[in-house]
Amino acid sequence: MRKFNIRKVLDGLTAGSSSASQQQQQQQHPAGTREPEIQETLQSEHFQLCKTVRHGFPYQPSALAFDPVQKILAVGTQTGALRLFGRPGVECYCQHDSGAAVIQLQFLINEGALVSALADDTLHLWNLRQKRPAILHSLKFCRERVTFCHLPFQSKWLYVGTERGNIHIVNVESFTLSGYVIMWNKAIELSSKSHPGPVVHISDNPMDEGKLLIGFESGTVVLWDLKSKKADYRYTYDEAIHSVAWHHEGKQFICSHSDGTLTIWNVRSPAKPMQTITPHGKQLKDGKKPEPCKPILKVEFKTTRSGEPFIILSGGLSYDTVGRRPCLTVMHGKSTAVLEMDYSIVDFLTLCETPYPNDFQEPYAVVVLLEKDLVLIDLAQNGYPIFENPYPLSIHESPVTCCEYFAGCPGDLIPALYSVGARQKRQGYSKKEWPINGGNWGLGVQSYPEIIITGHADGSVKFWDASAITLQVLYKLKTSKVFEKSRNKDDRPNTDIVDEDPYAIQIISWCPESRMLCIAGVSAHVIIYRFSKQEVITEVIPMLEVRLLYEINDVESPEGEQAPPLPTPVGGATPQPIPPQSHPSTSSSSSDGLRDNVPCLKVKNSPLKQSPGYQTELVIQLVWVGGEPPQQITSLAVNSSYGLVVFGNCNGIAMVDYLQKAVLLNLGTIELYGSNDPYRREPRSPRKSRQPSGAGLCDISEGTVVPEDRCKSPTSAKMSRKLSLPTDLKPDLDIKDNSFSRSRSSSVTSIDKESREAISALHFCETFTRKADSSPSPCLWVGTTLGTVLVIALNLPPGGEQRLLQPVIVSPSGTILRLKGAILRMAFLDTTGCLVPPAYESWREHNVPEEKDEKEKLKKRRPVSVSPSSSQEISENQYAVICSEKQAKVISLPTQNCAYKQNITETSFVLRGDIVALSNSICLACFCANGHIMTFSLPSLRPLLDVYYLPLTNMRIARTFCFTNNGQALYLVSPTEIQRLTYSQETCENLQEMLGELFTPVEAPEAPNRGFFKGLFGGGAQSLDREELFGESSSGKASRSLAQHIPGPGGIEGVKGAASGVVGELARARLALDERGQKLGDLEERTAAMLSSADSFSKHAHEMMLKYKDKKWYQF
1 MRKFNIRKVL DGLTAGSSSA SQQQQQQQHP AGTREPEIQE TLQSEHFQLC
51 KTVRHGFPYQ PSALAFDPVQ KILAVGTQTG ALRLFGRPGV ECYCQHDSGA
101 AVIQLQFLIN EGALVSALAD DTLHLWNLRQ KRPAILHSLK FCRERVTFCH
151 LPFQSKWLYV GTERGNIHIV NVESFTLSGY VIMWNKAIEL SSKSHPGPVV
201 HISDNPMDEG KLLIGFESGT VVLWDLKSKK ADYRYTYDEA IHSVAWHHEG
251 KQFICSHSDG TLTIWNVRSP AKPMQTITPH GKQLKDGKKP EPCKPILKVE
301 FKTTRSGEPF IILSGGLSYD TVGRRPCLTV MHGKSTAVLE MDYSIVDFLT
351 LCETPYPNDF QEPYAVVVLL EKDLVLIDLA QNGYPIFENP YPLSIHESPV
401 TCCEYFAGCP GDLIPALYSV GARQKRQGYS KKEWPINGGN WGLGVQSYPE
451 IIITGHADGS VKFWDASAIT LQVLYKLKTS KVFEKSRNKD DRPNTDIVDE
501 DPYAIQIISW CPESRMLCIA GVSAHVIIYR FSKQEVITEV IPMLEVRLLY
551 EINDVESPEG EQAPPLPTPV GGATPQPIPP QSHPSTSSSS SDGLRDNVPC
601 LKVKNSPLKQ SPGYQTELVI QLVWVGGEPP QQITSLAVNS SYGLVVFGNC
651 NGIAMVDYLQ KAVLLNLGTI ELYGSNDPYR REPRSPRKSR QPSGAGLCDI
701 SEGTVVPEDR CKSPTSAKMS RKLSLPTDLK PDLDIKDNSF SRSRSSSVTS
751 IDKESREAIS ALHFCETFTR KADSSPSPCL WVGTTLGTVL VIALNLPPGG
801 EQRLLQPVIV SPSGTILRLK GAILRMAFLD TTGCLVPPAY ESWREHNVPE
851 EKDEKEKLKK RRPVSVSPSS SQEISENQYA VICSEKQAKV ISLPTQNCAY
901 KQNITETSFV LRGDIVALSN SICLACFCAN GHIMTFSLPS LRPLLDVYYL
951 PLTNMRIART FCFTNNGQAL YLVSPTEIQR LTYSQETCEN LQEMLGELFT
1001 PVEAPEAPNR GFFKGLFGGG AQSLDREELF GESSSGKASR SLAQHIPGPG
1051 GIEGVKGAAS GVVGELARAR LALDERGQKL GDLEERTAAM LSSADSFSKH
1101 AHEMMLKYKD KKWYQF
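First residue of the sequence shown? That's 1 in the UniProt record's numbering, and the numbers climb one at a time after it.
Take these hints with a grain of salt, some might be off.
Claimed, not checked - The calculated lysine to aspartate or glutamate pairs, modelled on DMTMM-like cross-linking and capped at a C-alpha distance of 25 Å, are: (1) K294 <-> E371; (2) K288 <-> D238; (3) K230 <-> E217; (4) K298 <-> D412; (5) K372 <-> D412; (6) K476 <-> E433; (7) K251 <-> E362; (8) K230 <-> D259; (9) K294 <-> D373; (10) K431 <-> E308; (11) K1037 <-> E433; (12) K1037 <-> D225; (13) K661 <-> E617; (14) K478 <-> D342; (15) K334 <-> E308; (16) K298 <-> E308; (17) K131 <-> E986.
Calculated directly from the structure, the hints in this document are not laboratory data. Here the structure is a predicted model, which is why all the values come from computation and not from measurement.
Based on the provided sequences and hints, a complete structural model is requested.
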């Protein structure tokens, strides 16, 4: 685990910062207007950061193993990660520190241990008998490259084959090398003139442990007698070998080759194979050899008591099947089934009833590890159906483009989503239960409901139940269903704002209480959804088109010098859009031949069947303006109590009444300022083709047609704005020195920077709009990328029928304040420091006719406001909490004085800020581009936590990181996996209990019965005393320079993130001691050698002296 340097803020520093803030406060407020003190309960000891669980498919998998007794599956990856799967809900993630690829995994079956072999020639022994597995021993090979390992069942001696063709033997208890070595030249002797290549296979004869089958890459196979230390038989074939498998009786084995053939050999007939099969080869006439096929990468040979054996293989397709998907072939008797896979096969294993290799195998399933999926095939049912996968491995079904995380949702929400999602399940799965069912669940200490929502590149939105550190998909919504699909690539004039994925989700706004959902997509479209348990057919999809235009006076910013942060190109096509409310038959074009007034996507004009779940309420699309495509949406908010949705981009802001289906507001960002624009930008005059602001601005139109023949305009600038996913809302982020830095070019003039002021944050609330207000009222707070906060007052009609008849009146009321950096998040507190959530309307079923009483209630209903201030004294106030990329401020309302201020970062900038509940209090949580996670108390903004968490921040993490209540957070750690973490001390302490157990005590199945006659006549399995053969007493010590033993930290594995540092230090100290011991050992050996040499010299000298003792000098 990574070492966290947790900096807890000292009381003195806290006191210093609070006194500084008090001085600042005194400067800002005249005497007598001091803010009332709010008792804050959160302290730095409430915070601690640690990873909790990782969900999703292991990214870039490379190895697979299964424990048939414990029923645990292990997957290794190219980045050194290890994922262990037991019963649904029991999962575990571990990481090798080196990050080298895992090339092979071997369980110590039913022992609660696992050996991993890595591409850096290290072997590691993992202890799985603890909730967080850890390494007990490591062995680093110094002179040879490891290529294959084999650990026989119930043996402690691991065979390790190398690239040089030698086999070494490792004692897995002590993780030391035996002196017994099988050298390649001894194994092949004179059977081949050249080197046989690396070892690609090792296995012992199922009926005789003393016989070892060694496969070399070149095509040579050797049956080695371990006792006599010589080869019994050598089998040669002129095609390279990829894998070898035994028949359980030990009399035959099968090899798979690089030309797509399988050879079956009789052990005692090494001259030629007993049978050669080309499973996918075309049999030619005249007895010629079949055409060569692609290599068969792996073969398994499994027997059954009643019937033919199974031969299962991957690869081997003929070369003329171009474009055919990867296949797994199951040969059973005379039938051959070819099972197509969606992705290439990394590895597969056959799951059998017995762990004993010398018994009938009785295979019941095949687990296939694909590049991006895990598939389990039922061998016992006709047609080989697949099992329904219970693990949350489909996060990446379409690439994730955004995430939101909600902890503490209403209790009825997960069952409601589950019930509508249950109808979406596919049919045709195996009827059996998922066979990988080892381990035990942890204790569900956390009881609150948690939901994760993921938005995807194909326009789908998935809802996940994330309660108690598990993950399960609840419901999937396809937002692209409302749009016409283009039949072919040529017929795509509308979607050329993006190269591909025109429906990709960029922003999700969700109200859990009312279940209203709003999404913003990459093609500048917004869709509002209402939740219903009833199926409906929508005759006409309600639709609005909004012309959000940015205009600035030519004198202020000449086009030649303009360099806005977002590329602003001109479209190169001549569309013929239709004016609103006209039928698709008529079309028109703008006077200068540029595309104008046409959306990027075409809404379906046929009736739409909407299943129970989320149903389209309204589609809003931004349109092209004068040849320029609409700019992507940068912020979005929906409020169920007011019936409003608002969104903004770098051109301006639009507000829509989704109940009346009317545009209420459509303003450029500059126009929000009114006459108070600090940059003195002037709207262009006279305004061209600008629609009047106000209700009824854009009427509902039933669809737009763009002709198929697109003629390029020769006069237009050749700059069609293409955005390829994954898109991010911050296009000016650069990755430098493994972290983000903002590209702030000095050449960009201040006017140009201001010229593209985007809307970056939106928040509906009931608060004080102006300084003179005596009571709170509904309004919208708007934050921009230049750090400005503006307020728009909302005048809502009464509830019931009046709400649908009278217009909502909106009036911008100017700037409230400014911060450094773009505004990210806003929230409101009452006088006691409690969070004031936005008003909402509780969910009710809309598609059921209401009874008279209900209608009466509805008439009287006012929007539910949860603001506590409305019923309190006039003197009582609120606090606005505003977080930007650089700082946070707490503003007292209605006075609009700055009560507290905190500069979060000087050198970096905040990527995500959230105001969250924790331990019956609230705090501001921030994630910085430099990898730091910080929390601040509210309202005083005291620093509580600052941890350097992520050494490398990339765009995917920046786009998906989010905090939620109760100390939870998550981000997309790889394209296929979600990493969850906690910043709560309490959750860190409870984590050990919540994690599942991987190892459970299980009795090993009985060994197969040898039978009376086999025992009498010497048949049946022959055992071998490996200890006697490989132990130090008989084989001696291995060369010290061959491999280095490294003790692991597994015995005293640290539970908490902070403790991992101590473990690391201990491991390093042990390693240093071990190295010192090794050096001392070498020195001792050398000293011993010198002593023995001196001793022999002394003896020799003594003998000489005796020989010549009585002789005179002249007798020599």
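Now for the hints, and whether the structure bears them out:
1. Straight-line distance between C-alpha atoms of K294 and E371 comes to about 19 Å, which keeps the hinted pair within the 25 Å bound.
2. The suggested pairing of K288 with D238 holds, with an alpha-carbon distance near 17 Å, which does not exceed 25 Å.
3. Distance restraint check for K230 and E217: the Cα-Cα separation of roughly 20 Å lies within the 25 Å cut-off, and the hinted pair is therefore satisfied.
4. With a CA separation close to 49 Å, the supplied pair K298 and D412 exceeds the 25 Å bound.
5. A threshold of 25 Å between alpha carbons decides the hint, and for K372 with D412 the separation of about 34 Å lies outside it, so the pair is violated.
6. The straight-line distance between the Cα atoms of K476 and E433 is roughly 24 Å, inside the 25 Å bound, and the hint therefore holds.
7. Using a Cα cut-off of 25 Å, the hinted pair K251 and E362 holds, with the two alpha carbons roughly 18 Å apart.
8. Distance restraint check for K230 and D259: the Cα-Cα separation of roughly 30 Å exceeds the 25 Å cut-off, and the hinted pair is therefore not satisfied.
9. Our distance criterion of 25 Å between C-alpha atoms is met by K294 and D373, whose separation comes to about 23 Å.
10. For the hint pairing K431 with E308, the CA-to-CA distance comes to about 24 Å; that is within 25 Å, so the pair holds.
11. Simply put, K1037 and E433 have alpha-carbon atoms about 49 Å apart, too far for the 25 Å limit, and the pair is violated.
12. Our distance criterion of 25 Å between C-alpha atoms is met by K1037 and D225, whose separation comes to about 21 Å.
13. Among the hinted pairs, K661 with E617 is consistent with the structure: their alpha-carbon atoms are about 9 Å apart, no more than 25 Å.
14. Pair hint K478 plus D342 holds up; C-alpha atoms about 21 Å apart against a cutoff of 25 Å.
15. Of the pairs offered as hints, the one joining K334 and E308 holds, with about 9 Å between alpha carbons and a cut-off of 25 Å not exceeded.
16. With a C-alpha separation of about 20 Å, the suggested pair K298 and E308 falls inside the 25 Å cut-off, and the hint holds.
17. A C-alpha spacing of about 18 Å is found between K131 and E986, which places the hinted pair at or below 25 Å, so the restraint holds.
Hints 4, 5, 8, 11, counting from the list given before, are not met by this structure.
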